[in-house]
Amino acid sequence: MIPLEWYLTLGFFLFAIGVTGVLVRRNIIMMLLSVELILNSANITFVAYSNYHQSITGQMMVFFILTMAAAEVALGLALVIALYRVRSTLNIDEINRLKW
Amino acid sequence: MTAQLLFLYFAGMTVMGAVVAVAAPNLVYSALALLVTFIHIAGIYILMNAEFIAAVQIIVYAGAILVLYLFVLMLFNPKQENLYMHKQYKVGIFLGVVVLFLMLFAGYRTEILSQGGSYTPELVEDLGHTRAIGNALFTDFIFPFEMASLILLVAMFGAIILAGSGRRRSKGPGGRVDLSRRKAAKKALADS
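Read top to bottom, the protein sequences are chains X and Y.
The first sequence begins at 1 in the UniProt record's numbering and counts up by one.
The second sequence begins at 1 in the UniProt record's numbering and counts up by one.
Hint data in this document are derived by calculation from the structure and do not stem from the laboratory.
The C-beta atom is built at its ideal place from N, Cα and C for all residues, glycine as well.
Hints are not guaranteed to be accurate.
Said to hold, decoys possible - Going by beta-carbon spacing under 10 Å, a handful of chain X positions derived as facing chain Y:
hint, residue
1, Glu5
2, Leu23
3, Arg26
4, Glu36
5, Gly58
6, Phe63
7, Met68
8, Ala78
9, Ala82
10, Asp93
11, Ile95
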């Protein structure tokens, strides 16, 4: 039997790595990828508590987070494509105007 | 013992894949390292008696989301120079470590009250995990389920509108000029 703390620690590590990725990388696609890591850490935590409390609500949450992640990635990549068409760059330090 | 060894393997591969995904200079390498992470997270879900979630993780995350990323990366082939790390990346890494220790502190200082629910592993094994999920999804969670389908529909429309209408516009900021020029030509044609 694996204790709950191990799963939580794994979720914490994934979250910290994702946050570091969002802060450190300058490519906007890499920032979206790091957000995926953060969502996965939330999923792990939800399933861990669901397993621990013997309730199925946490796994339902994972189901809806998955839906939201799919919608987020579709919209985010569409925005990135539209941005790249207009600005020809993916560097977030260069995308600093509200209107082009 | 076996379960703990398996957990250590899956967790180690997950964390290593995540680190490589964040640190790799090449975007395609990052996406493939993220694939390793997702598949090992599915293994961890199986260790937590969540087989259906594991299957969905592989199908949706590793199958759909990552393929979308790879399509965008390979079709657009964005230039790599000056894109790797932020200038102040040391501050970012420090902040990430701070976040990690805050969460570990909070997680280990909190007392967790366990209350046994109705979905014991024996019940789920008896019923089948997919069936247990389906029972809960179509009775207690029917309204969030419908909202999720609506969100997916709106996201599909948004993606089509944002990314699909680029054929009329030419590349670069001159696209608007082209459109107005075309409009002026049409007007001149109509006037004559």
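Structure-based check of all given hints:
1. Glu5: holds (7 Å)
2. Leu23: With a minimum Cβ separation of about 3 Å from chain Y (threshold 10 Å), the hint on Leu23 of chain X holds.
3. Arg26: holds (5 Å)
4. Glu36: holds (7 Å)
5. Gly58: holds (9 Å)
6. Phe63: holds (7 Å)
7. Met68: Status holds, d = 7 Å.
8. Ala78: holds (4 Å)
9. Ala82: holds (5 Å)
10. Asp93: Status holds, d = 8 Å.
11. Ile95: This hint is violated: Ile95 of chain X lies away from chain Y, its Cβ roughly 12 Å from the closest one there, beyond 10 Å.
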